[in-house]
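J.: This is what each chain is made of:
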Amino acid sequence: MGQYYYQQPPQQQSYYPPAPTRTSTWAIISMIGGILGYLGLFGIGGLVGIICGHVARSEIKKSAGTITGNGMAVAGLILGYLNVIGTIVAVILAIVLPLLGVAICGGAGALGGIIDSGY
Amino acid sequence: MPIMSDNKPISRKITLFIVIIAGLLFGIWLFYSPPGLLGKADAVGYAVCHRIDTRSFHIDGRQVPMCARCTGMYLGAFAAIVYQLRWKKKAGYPPKKFYPIMAFFVLAFGVDGLNSYLHFFPNAPTIYEPMNWLRLLTGIGMGIDISLVMYPTFNQTIWDKYEDEPVFSRWRDLLFLILIALGLGAMAYSEISLLLYPLAVISSLTVLVLLAAVYAVLWSLILKKENANTSWKDAFPILICGFTTALLQIGAFDLVRYLLTGTWYGFLTG
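For the protein sequence lines, the chains are A and B, in the order given. Position 101 of the first sequence, counted from 1, bears residue number 101 in my numbering, the numbering being contiguous throughout. Position 239 of the second sequence, counted from 1, bears residue number 358 in my numbering, the numbering being contiguous throughout.
It is worth saying that the hints were derived from the structure and are not from the lab. Hints may contain errors.
[To be verified] DSS-like cross-link-like pairs, simulated, lysine-lysine; straight-line CA separation at most 25 Å:
#1 B:Lys127 <-> B:Lys208
#2 B:Lys343 <-> A:Lys62
#3 B:Lys215 <-> A:Lys61
#4 B:Lys280 <-> B:Lys343
#5 B:Lys127 <-> A:Lys61
[Unchecked claim] Computed, partial: chain B to chain A, Cβ under 7 Å:
#6 Ala166
#7 Tyr212
#8 Tyr236
#9 Phe240
#10 Ile265
#11 Val268
#12 Met269
#13 Thr272
#14 Leu330
#15 Leu337
#16 Leu340
#17 Phe372
#18 Val375
[Said to hold, decoys possible] Which chain A residues stay away from chain B? Per the calculated CB distances, all over 10 Å, these:
#19 Gly43
#20 His54
#21 Arg57
In this text, a Cβ means the ideal position worked out from N, Cα and C, and glycines have one as well.
Working from the sequences, and respecting the hints, build out all of it.
T.: Structure, rendered in structure tokens:
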């Protein structure tokens, strides 16, 4: 039985320009949220950092190299997780420790005991 | 989330409108915040810091606008922003070799913050006696970290052309920055009025600058003006948007806190 050999047509070299890349918007928002968590928006900023960071990483992974910003997303995630964990720990301690009979400085509580004398 | 950036500059009419809104808000905030330069600085600190007296430095017995940790954080951020301006439009994140140092700064900030927080509860277990110099030091580290990621993010988003390499990559540059920040910290810790007064004002101004920069990046995304600016003049409307939003945040926090507490002073602990 004879064998047939097909000659492969010569491969044409593609000259398509590389797909343009852009930075993930989610990654930028994640970073912004993560930073804002330390600039007054405690907890909320961190939460934004976490959510947008995960969305960004998923988007970057699916983009096959056309979307960048992984470093930014990771930084947003780290800042965000630390911020949210810190906020949760602080809130839990403020609730649990008094229930366990641990006194709070200032009598009325760390956040409640304020000087009432005007500026 | 596909975003198509619109490279047209923001029109003069809209810019004028934004400037008027910013001016009005700034005027209202100036009117209602405490008098004097330090009073205004206090009002900025009041929006982001607990301002507990015993955890703060003092200028001739007068509490500075923020606690030792926040003062350190914003002085560290200030040092890092000014230091990075040398490299203008470089926009790469710090190289991986700096990560352990940066992680250490974050960790130290977290551990000292938690330990300090636990002292609100006298019977709660703590690791060590919290001290203002530790608050200052750990704050400085965190402030440097924030600026090291914020500066490249700002450059990557605002400018049409930026250099995609780390803002700085040599150990000696990082070391030099840390030394400058520590120098500022030492000046604050000395509580010498002549040194602490300008540093107190600078730390409050840095809050405004950082918030304005963060919100300017956000507004660039919202208005689809990413990478649309070639100069500070082009970026002016976006920067004013960022400044206005920063002022709104500070004003809103000031208002809510003042309504809840009835005082511009910080929270009290024993």
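J.: Would you mind marking each hint as holding or not holding in the structure?
T.: So, going through the hints one by one against the coordinates:
1. B:Lys127 <-> B:Lys208: With Cα atoms ~21 Å apart, Lys127 (chain B) and Lys208 (chain B) stay inside 25 Å; holds.
2. B:Lys343 <-> A:Lys62: holds (23 Å)
3. B:Lys215 <-> A:Lys61: Cα-Cα ~21 Å, so holds.
4. B:Lys280 <-> B:Lys343: Roughly 16 Å separates the two Cα atoms, so the pair holds.
5. B:Lys127 <-> A:Lys61: violated (31 Å)
6. Ala166: holds (6 Å)
7. Tyr212: holds (5 Å)
8. Tyr236: holds (6 Å)
9. Phe240: Holds, about 5 Å.
10. Ile265: holds (6 Å)
11. Val268: Holds. Min distance 5 Å.
12. Met269: Holds, because the Cβ-Cβ distance from Met269 (chain B) to chain A comes to roughly 6 Å (cut-off 7 Å).
13. Thr272: holds (5 Å)
14. Leu330: Interface hint status for Leu330 (chain B): holds (6 Å vs cutoff 7 Å).
15. Leu337: Constraint on Leu337 (chain B) satisfied, holds at 5 Å.
16. Leu340: OK, holds: Leu340 (chain B) within 7 Å of chain A, min 6 Å.
17. Phe372: holds (6 Å)
18. Val375: Since the shortest Cβ distance to chain A is 11 Å, the answer is violated.
19. Gly43: holds (14 Å)
20. His54: The claim stands: His54 (chain A) keeps its Cβ more than 10 Å from every Cβ of chain B (closest is about 13 Å).
21. Arg57: For Arg57 (chain A), whose nearest Cβ neighbour in chain B is about 13 Å away, the distance exceeds 10 Å, so it holds.
Checked against the numbered hints given earlier, this structure breaks hints 5, 18; the rest are met.
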